[in-house]
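Residue numbers (the working numbering), protein chains in the order written: chain S, -6 to 242; chain P, 1193 to 1407.
Calculated from the structure, these hints are not laboratory results.
Do not take every clue at face value.
As the list claims (entries may be wrong) - Selected chain S positions facing chain P (Cβ under 7 Å, derived; list incomplete):
#1 I130
#2 F133
#3 R153
#4 L157
Claimed, not checked - For the chain S half of the interface with chain P, some residues (derived, Cβ under 8 Å), not all of them:
#5 P19
#6 L76
#7 L134
#8 I136
#9 G137
#10 A140
#11 L141
#12 R150
#13 A154
#14 L158
#15 V161
All of these numbers come straight from a predicted model, not from anything done at the bench.
Even for Gly, the Cβ is constructed at its ideal location relative to N, Cα and C.
One letter stands for each residue in the lines below.
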Amino acid sequence: MSSGGPNWFKYASPMAFYPLAGRLIPWFAVPAVVLTAIGLYMTFFVAPVDYRQGDAYRIMFIHVPAAWMSMWLYICMAVYAALGLVVRTRLSSMMAQAIAPTGAMFTFIALWTGAFWGKPMWGAWWVWDARLTSELILLFLYIGVMALRAAIDDTRRADRASGLLALVGVVNVPIIYYSVQWWNTLHQGASISMTAAPTMSRIMLWTLLVMTFAFWAHAFVTSLMRVRGIILERERHAEWVAEMVDETK
Amino acid sequence: MVRRDLTLVMRNRADVATILFFFVIVVSLFPLGVGPEMNILRTIAPGVVWVAALLASMLSLGRMFAADHADGTLEQLLVAPAPLALLVLGKVIAHWLASGVPLVLMAPLLGLQFGLPADGLAVLMVSLLLGTPVLSLVGAIGAALTLGVRGGGVLVSLLVLPLYIPVLIFGAGAVDATVSGLGGQAHLSILAAMLVLAGCFTPWATAAALRISLD
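The whole structure should be built from the sequences, with the hints applied where relevant.
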């Protein structure tokens, strides 16, 4: 194991990860604030007015990154849950637990801003289209995972039960992603892809990317802060926690 | 396994009847709430029957493992030489025969009350026949996860209903498409695909969930 190079497995232990998370938080918090400020400035003052949608399209700069994050965080949560189930590292389950509320929040933001955009564009707050419905199911899945965990007192069982549910729910993510291609829906298709030139102006694309990284950094900060709380709560009987509390006194 | 569970169910025939009457009552509430206009009823009929089937199937989920959990049979099954996923599949089939099949048989009668045409009724039956086993298969995961959890009954609906939604969409969609003359073939094919996938994968997930619950 220790044949040269840093031992990455060291950070799988909550005791080693706790200070690491504490050191990492500022490294993500600063970009989160700065990028959000830049992104919002670009959203409102730099990005040009869309010739068809007018000013209302600007909510896309929040809606699209939030929707991306909602799916991405679900996958992250499921991967951590799978690690927790298979490798049985305690930290993985804690991370899965820490990510869930942030993911649920981004899902909610994506739905909410989508409603604000839909009202002027489609003339309705909500339509029962495939992408909207599957995103709503994603919100239900997040809530289900958190509710199942909250209902079980034994933490080990709670970890594994909610982890299994998270894994079952992964089926939904590709459905959301491809829903605009599989079904002929009201929600427009993707404007950005890895293989073709984006169908939007360069400045809009940059604004979108800046906002995405801002949201991503925010997700890191909140998850790490939450996981620190979870570690302390679960390891409260451990010696190192007691020592640390004594030091800060 | 199937025979044993069915025998147990037949000893408690009232349970099956309760689920069936629940289904009938929920469906009958809609004409009273919406008003007896035949045109409206005909359009909402597939959705109403399907939603009622979803709820009825969900209500009976608690019973799938609860009794065996209470008397310790489940722990015996866990250490049995046969693969657990196979035993789970047997229990799910028994559950479907006891709770799904009666709904399938009752559905055309309710469809008639809503003025569905004959081809619509046939597709409604076929879609339920393909869809209700998926409900039992997916529901088994939720039932296994919430075994012995406080507030399990409400929790299972929160876990299972989101996963039921695709079945609902395609099941009701098949009937809608048939009634409007488009043909429900595509919807039925997707339902059948869901059944095959669920049949292959959910027993493993349920077995894993049972192991977690009884750890």
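(message) Tell me if the interface restraint on L76/S is satisfied: Cβ within less than 8 Å of some Cβ in chain P.
(response) violated, 15 Å
(request) Let me know if the C-beta of L157/S comes in closer than 7 Å to any C-beta of chain P, holds or violated. (result) holds, 6 Å
(message) Given a cut of 8 Å on the nearest C-beta pair, is the interface hint for L141/S held or broken against chain P?
(response) Cβ of L141/S sits 6 Å from chain P, so the hint holds.
(request) Using Cβ atoms only, decide whether R153/S comes closer than 7 Å to chain P, and label the hint accordingly. (result) Holds, because the Cβ-Cβ distance from R153/S to chain P comes to roughly 4 Å (cut-off 7 Å).
(request) For the hint on I136/S, just tell me whether its beta-carbon gets within less than 8 Å of chain P. (result) Nearest chain P Cβ about 7 Å off; hint holds.
(request) Grab the minimum C-beta distance from R150/S to chain P and call the hint holds if it beats 8 Å, violated otherwise. (result) Holds: closest Cβ of chain P sits about 6 Å from R150/S, inside 8 Å.
(request) May I ask you to test the interface hint for A140/S with respect to chain P, counting a Cβ-Cβ separation under 8 Å as satisfied? (result) holds, 5 Å
(request) Using Cβ atoms only, decide whether V161/S comes closer than 8 Å to chain P, and label the hint accordingly. (result) holds, 6 Å
(request) Go through the hint on F133/S and say holds or violated, using the shortest Cβ distance to chain P against 7 Å. (result) Constraint on F133/S satisfied, holds at 4 Å.
(message) Does the closest beta carbon of chain P sit nearer than 8 Å to the beta carbon of A154/S?
(response) A154/S check passes; min Cβ-Cβ to chain P is 5 Å, inside 8 Å.
(message) Min Cβ distance, L158/S to chain P: is it shorter than 8 Å?
(response) OK, holds: L158/S within 8 Å of chain P, min 6 Å.
(request) Using Cβ atoms only, decide whether G137/S comes closer than 8 Å to chain P, and label the hint accordingly. (result) holds, 5 Å
Comparing the model with each numbered hint stated earlier shows that hints 5, 6 do not hold.
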